[in-house]
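S.K.: Here is what each chain is made of, one letter per residue.
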Amino acid sequence: MATIQALTDQLKKKFGNAVTGVENPSATQLFIDFKKEKVREICNEVLAQGGRYLVSVGTDNLAKDGTLGLIHTFAFDKEHYFLSLRTATKESEPIESITPDIPNAGWSEREYMDLLGMKFTNHPKPKKLVTADDWPSDIYPLRKEVPFNIKPLAAENVAYQLDECPEGCSIVPFGPYHPTQHEPAHFALFVDGETIKGSDYRGFMIHRGVEKLAQTQISYNEIPFLAERICGICGSVHAASYSQAVEIAVGHKISRRAEYIRTIMLEIERVHSHLLWLGVAGHLIGFDTVFMQAWRVREPIMWLGERLTGNRKTYGMIVIGGVRRDITPELKQDILNVIGTIEKEMITIKNAIIGDTAIHRRTKDVGYVSTEDTIKWSLVGPVARARNVDIDVRRDMPYAAYDEMKFSVPVVDCNDVWGTVLVRVLETFEAISIIRQALDKMPNDGPILTPFEDAVPAGMHGITAVEAPRGEVTHYVITGEENRPERWRVRAPTYPNLQGVPMMLLNNQLADVPIIIGSIDPCFSCTERMEVVDLRNGGMKVMSQSELEALSRNKR
Amino acid sequence: MWLTSKIKQVLLVIKPGTVTLPYPFEPHPVPEGYRGQPSWDHHKCIGCGGCAAHCPARTIFIRDLCQDLRVMVYDGGRCTYCGRCADVCPEKAITMTKNYELATGSKKDLCTTMELFMATCNRCGRCYEMETKNAIDRMNLKGYRYDNLEMRAVLPVCTEQFDTGMLAKSDRFKRPERIGE
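Listed in order, the protein sequences are those of chains A and B.
Residue numbering for the first sequence follows the working numbering, beginning at 47 and increasing consecutively.
Residue numbering for the second sequence follows the working numbering, beginning at 36 and increasing consecutively.
The set of hints was computed from the structure by calculation and includes no laboratory data.
Treat the hints with care, since some could be wrong.
Result set (DSS-like, lysine-lysine): computed pairs, CA atoms no more than 25 Å apart in a straight line [claimed, not checked]:
#, chain 1, residue 1, chain 2, residue 2
1, B, K43, A, K410
2, A, K58, A, K82
3, B, K50, B, K143
4, A, K60, A, K84
5, A, K190, A, K165
6, A, K378, B, K143
7, A, K452, A, K487
8, A, K243, A, K171
9, B, K50, A, K390
10, A, K82, A, K110
11, B, K41, A, K410
12, A, K82, A, K59
13, A, K82, A, K190
14, A, K124, A, K136
15, B, K43, A, K390
16, A, K452, A, K299
17, A, K410, A, K378
18, A, K396, B, K43
19, A, K84, A, K58
20, A, K81, A, K165
21, B, K133, B, K79
22, A, K390, B, K41
23, A, K410, A, K243
24, A, K396, B, K50
25, A, K110, A, K173
26, A, K390, A, K378
27, A, K173, A, K82
28, B, K41, A, K396
29, B, K133, A, K359
30, A, K378, A, K487
Quantities reported herein were computed from a predicted structural model and do not represent experimental measurements.
Given these sequences and hints, build the entire structure.
M.R.: Structure representation (structure tokens):
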């Protein structure tokens with residue numbers, strides 16, 4: 047047990063003068079400032095004490111004191127608090143990378159190499175991550191002096207250099223546009239025959255600069271709407287997470303009723319998201335009955351969202367200080383009716399697919415990751431719970447009204463894609479039970495919105511996590527001048543999970559790639575054309591669907 | 036095992052029957068409180084500019100043509116239909132209608148322009164009290180944005196405001212090698 051006190055004492059004892067400050071503004075927040083020379087030792091010590099790595103936050107303080115800040119954040123699930131290790135470095139001085147010990151920090155550190163111009167020593171893969179291939183190497187877009195809408199000139203013929211392909215393997219490109227992915231992301235798969243022996247990832251092709259926009263253009267009360275548009279499926283989660291981070295940073299209390307309504311909205315979103323994922327997973331393994339039926343069952347909950355909030359999705363419900371619309375007694379009955387139907391239908395679906403040998407063959411032992419590796423790579427959400435890692439921030443770091451909810455966290459030890467199916471189906475039932483409890487216990491009075499009474503003070507830090515359907519979302523907010531955050535860091539659950547995908551893919555078959563990638567994050571799109579490139583003369587011919595069909599039929 | 040699953044799946048499919056809606060041929064009503072196209076009631080609007088100052092997508096612009104005439108433009112092309120304008124309107128002059136069939140060939144069909152005659156105060160000569168203690172300033176304290184309304188008309192910021200030095204740097208940027216070279 048590393049309670050806040052025990053951990054502080056231990057770090058102070060072990061590192062002495064390297065620890066320069068300790069702040070403990072509330073029961074869930076612990077901030078420790080330290081000198082950058084000790085970064086790796088301190089992070090290792092925190093891991094040894096039971097910390098789980100979340101994300102790193104890079105900040106630009108060049109105008110203030112000529113430094114670039116770096117904050118490594120950890121969660122102590124058993125002891126229910128977040129630890130933020132804050133340090134700073136001069137612009138020209140490198141800082142030691144923690145990626146050799148905590149592989150999941152790899153992307154965070156690469157991100158700040160690209161966006162803030164930080165330098166890391168001993169980073170195992172110091173390649174471009176976020177910025178485009180032709181982005182000038184001396185413009186760091188997240189620095190304060192760079193305008194939010196800068197458009198450097200484009201360069202031609204610039205390409206990302208893939209990792210070295212292992213001996214005897216060939217490269218199969220998967221994406222950027224692939225029928226089973228709904229977002230552009232490029233996986234280069236190194237295959238030996240049909241077996242995957244390694245992979246390299248080049249993504250961030252749709253990096254939109256949401257954080258920069260929030261830090262330069264809009265204000266506190268508008269960011270929830272921007273946050274909601276980070277994700278089309280778990281939008282409320284981001285709005286809730288951002289709002290909570292600001293509320294925690296400035297110590298703003300919201301009414302209990304608003305917290306209950308937030309809980310209900312988050313769980314409604316979970317039911318819809320898991321049903322959506324179940325359908326997509328069925329589609330990815332070529333089982334379209336599941337796809338059609340799961341989406342049919344899901345539709346009433348979309349209509350319910352429309353009645354509750356005025357929109358099928360992107361509810362626009364959660365803002366700083368509470369929620370925008372109330373749940374009236376009629377709507378309460380409406381919710382109960384809809385989730386009752388969905389529960390019945392869900393049992394039917396569960397019975398129909400749980401024993402289906404076709405699904406078992408496509409998902410069991412596919413995407414195997416051992417429990418130790420899951421913990422080492424800090425995977426989150428159903429991906430981790432399917433691999434026998436018992437984490438769920440709803441239970442470990444209760445927010446909104448989850449402290450009064452009774453629910454179990456489904457954890458299975460299949461360690462494969464089948465486990466993620468099971469976990470998500472079981473979680474849907476838990477979500478329905480939470481909605482019922484919340485409706486039952488919700489206090490009948492109290493304002494639904496408690497706005498700020500005074501201006502938001504600058505320089506306050508707040509970190510929070512919300513359990514999204516796909517895993518936990520972490521938001522870190524530093525309040526700033528001019529009515530907007532100085533820094534807002536968003537970590538979506540796919541961020542750690544996607545880093546684990548190369549490990550899941552290893553030694554699997556090429557045909558299982560869509561469902562393995564789909565098991566962390568639903569994605570699909572349909573392209574009915576393909577390009578044929580003639581290598582000899584460089585000519586290009588686009589084949590239509592009918593030509594393709596004719597070609598494939600003739601072959602048979 | 037396999038057969039029982041298949042039988043269950045067949046029942047799962049047969050039981051609900053057809054669920055597809057006959058939508059384009061029959062109208063599809065939307066529920067109360069739906070957030071459709073916003074509409075302005077010019078009888079109620081006092082021209083305070085609250086909607087313009089708080090629109091997260093920045094689709095509402097206000098410009099004072101002269102002391103007595105204030106023009107409001109709503110550009111629906113970028114609207115996200117969040118309904119924030121209707122929330123903050125002190126006079127409830129904005130309603131989110133149930134109109135959602137907004138596909139159009141011309142962006143102008145989505146825009147609303149309103150010319151407001153701003154009565155001048157006999158005592159101070161101003162249209163609207165912009166000093167302390169008004170509703171907008173109080174909202175500003177509570178974390179809302181309040182920009183100079185005149186400046187809003189030039190959003191999004193035009194290219195003249197780019198840092199030219201930084202742009203020049205990108206010219207001399209050394210390109211990475213080509214693949215295969």
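S.K.: Looking at the structure, which of the earlier hints fail to hold?
M.R.: 3, 6, 14, 17, 25
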